[in-house]
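Peer 1: Listed here are the chains, written in short residue letters.
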Amino acid sequence: MVETPRPRRTFRRPSVIPGFGISFGYTLTCLGLIVLLPLAGLVVKASGLGLSGIWEVATDPRVASALRISFGVSAVAALVASVFGFLVAWVLTRYRFPGRKLVDAAVDLPFALPTAVAGIALASLYAPDGLLGAPLARLGIQAAYTPVGIFIAMVFIGLPFAVRTVQPLIAEIDREIEEASATLGATRRVTLTRVVLPPLIPAVLTGFALAFARGVGEYGSIIFIAGNLPYVSEIAPLLIVIKLSEFDYGGAAAIATIMLGISFLTLLAINLIQAWSRRRFGYV
Amino acid sequence: MDRPSTAIRIEAVSKTFDTAAVLHDLSLDVRAGELIGLLGPSGSGKTTLLRIIAGLDAPDRGRILFGGDDATGLPVQERAVGFVFQHYALFKHMSVADNIAYGLNARRRADRPAKAEVKRRVGDLLDLIRLSGFGDRYPSQLSGGQRQRVALARALAVEPRVLLLDEPFGALDAQVRKDLRRWLREIHDRTGQTTIFVTHDQDEALELSDRVAVLDRGRLEQVGTPDEVQENPASATVMKFLGDSVEVEAIAEGGRVRVRGRETPVAAPPGVIGPVKLYVRPWQLQLAEPDAAHLSGTVRSSYRTQGRQRIEVVDAEGRGLAVEDFDGVRYAAGHPVGLRINGGHVFG
Amino acid sequence: MSEIFSPAFVPSAKPAPVASEGAGTRAVLIGIAVTFLALFLVLPLIAVFTQAFSKGIAAFLDAFREPDAWSAIRLTLTVAAIAVPFNVVFGLAASWAIAKFEFPGKSLLITLIDLPFSVSPVVSGMIYVLLFGSQGLFGSWLIDHGVQILFALPGIVLATVFVTFPFVARELIPLMQEQGTAEEEAALTLGASGLHAFRTVTLPNIRWGLLYSVLLCNARAMGEFGAVSVVSGHIRGLTNTIPLHVEILYNEYNFVAAFAVASLLAALALITLVLKSVLEWRFAGELAGGRAH
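Chains as they are written, first to last, in my numbering: chain A, 1 to 284; chain B, 1 to 348; chain C, 1 to 293.
The hints are simulated quantities; they were obtained by calculation from the structure and are not laboratory data.
Simulated pairs of lysine to aspartate or glutamate, EDC-like, Cα-Cα distance not exceeding 16 Å:
no. : chain 1 : residue 1 : chain 2 : residue 2
1   : A       : 101       : C       : 280
2   : B       : 92        : A       : 174
3   : B       : 277       : B       : 253
4   : B       : 92        : A       : 172
Okay, chain A solo, but in the shape it has when bound (with noise of 0.2 Å):
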């Protein structure tokens, strides 16, 4: 009597393609050896140094308002970064006027322009004789050095975020949606509130959380602007470098630490936004 051969589980769908054990081991190790060694050692770094560790590094007055004004700063100018965003991204799908085409591609601006050209153009714009700042010293607002400045930093960097979540989404919009509920009685003002903006919330909030870590871990765009004066205007990655070139190694991995795992939960909580639209809405 044969018994036929049981099939033998490999890793991957056996398939004619070749290539795959170079280009996966290749991807693996420069994986491995570019980007989760070194990030390996930053968890061996901060575990040495323990969540008391961290905790005590945290709670330094220093290190805790640069966090403040890291993480604080940062979420006002994702709102407002969110809300203009919104306009910027419904205006540009939804209506037609000359340059839009133009208009559209200077989103992405922030995301082109190095971040330490944008730092002192920003600078130099708002700093008490520059252009936009003497208006603003006029009307008694101190941009340039103070944490406005870090605000204004904040906004040219996650605007493009929030331009770019929500924009596909708006683009997809049924015409038809809105059309039927004109046909039920609605006004504009209650088709825009009730049926054209709630499916759009969760893209908003993806756009506002992604303009959040990315201006929490902002430097160079920000740190000409700011004035960097500790417990004023000092933002978290500028104490890091400080606490490097100091050789405080472990101060520096502490707060590394702490705004990875903000950046990790941000990171979550997009995700499960994203779930969770699914499920009610059937799409993302």
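Please arrange chains B and C on chain A, whose structure you already have, making use of the hints.
Peer 2: Then chains B and C, alone, in the frame of chain A:
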């Protein structure tokens, strides 16, 4: 649903999109309480007409009257029409119950019914569409046929003066379509509401409607009961659209129509003499001996369908003619046959 | 869908259908949006060039007579010339493995590849300091063996590679997934070797996506500031890339020179944007889905 039904008058409506004229001076009277189908090929303007009635588009010329009142300038929100879209246009982020209640809740506070009343109406409508208990589900959890029923309930909830359906069953499977057709007729008989629906499916129009309005290229070709438009088509277009037909060159002479010199039973329209076009349905053709035949040709193929023999014949000019014959004899391909004309319609 | 520029400023050329706001509302909203963008996004870009030329062309060119400026340019180009091709090779390998084969853990792998995107630039540089700095994991080993990673080219290249790591892969992976395996399999049945199929079938299919991602990867590699700043040591004439050189000039209050050098990067950014837009408009079908707008 206790509202008296409204008659709709479409008066000399014309509409042009960009440079293409979509509706030409079209007039039609829809009787109160009737279920009328707008039938026509794509591009005939039927959906445009429906949207103009609803107020989703505005006519370039002409008027729309609801029960004698000029509604042409009225914005869609105030026309109290119930519109059912081909792809349902349900609000995906709202439950079935909220969808149905939408029209009632969207009203100004002063005109809004009480919460309990809204709930009651939604419940009644869910029963009417046979989806009781589905109120908490979301559109993504429903099948196509169920979604369409919810779309209808949503439109009915606001007690519209007229119900407008745009190819309501176009996106559904054949069996679901059949079931929903029957169900729509039942609902209409129960509510007695004036209903206008658009379709390109002639079976659907003929089965459902009290009257059928045939449109072609922006013009009204004919309006009448399903029997009338089939038996007395007013034009070649209507004839060709509502079933197969063959166009035959003929001569009107002495009150009769002759083909190839032989007389047919078809009477010539009064006063018409000379060359005419005769349109013949497959069941009006009969296989015959060459000396009694009006047309001749060779058999291309033949097959049985639904108890009848269907024979495809190619005539001398290479044209294909379809013949329906109850004769049990099968004909081999290439067999020469003669065809006798037993009836038909004359146009142009 | 073709967009047509209306000759005059008309909010909408079509009659307002039921599903739209009134013309007045539209005009106001467009005005607010465009003003906001002009203020926050475009003005800074313009400021770079106006500041660079604020004291005339001679002063502008003076910035480039400095040997330090040229070493910065050379260093930046060198770093990009190493980092970008490396990431291209990685991107090709990763997308080939992920798109053409089925294996468990794909989404985990993709998430890991995407990690550098969610890491702050400063942290991206810091992790290498933790490894190779004098107090770092390998610090003493490096000193003993006289190997210099930080404050030298290798460190800068590493940090740049880390930061631009996902760029090529995250464009090619969805693109190749969309394209599927049918064409490669057909090539194989016709007798082509794997490499031949890759060269003659896969590469032509992904060329625009590849170009697109190389553009973005290069722009980021040349413009990276935070990560490089941490690992470079800021040694004048030796370990300063263009962004770092700009920072030094600015901190020395040498504004015109700072903006002059910065304008190089700004011009690169503009060119990148233009090419990127052209690719998105003309070849939307040959880029990973969702790029067209």
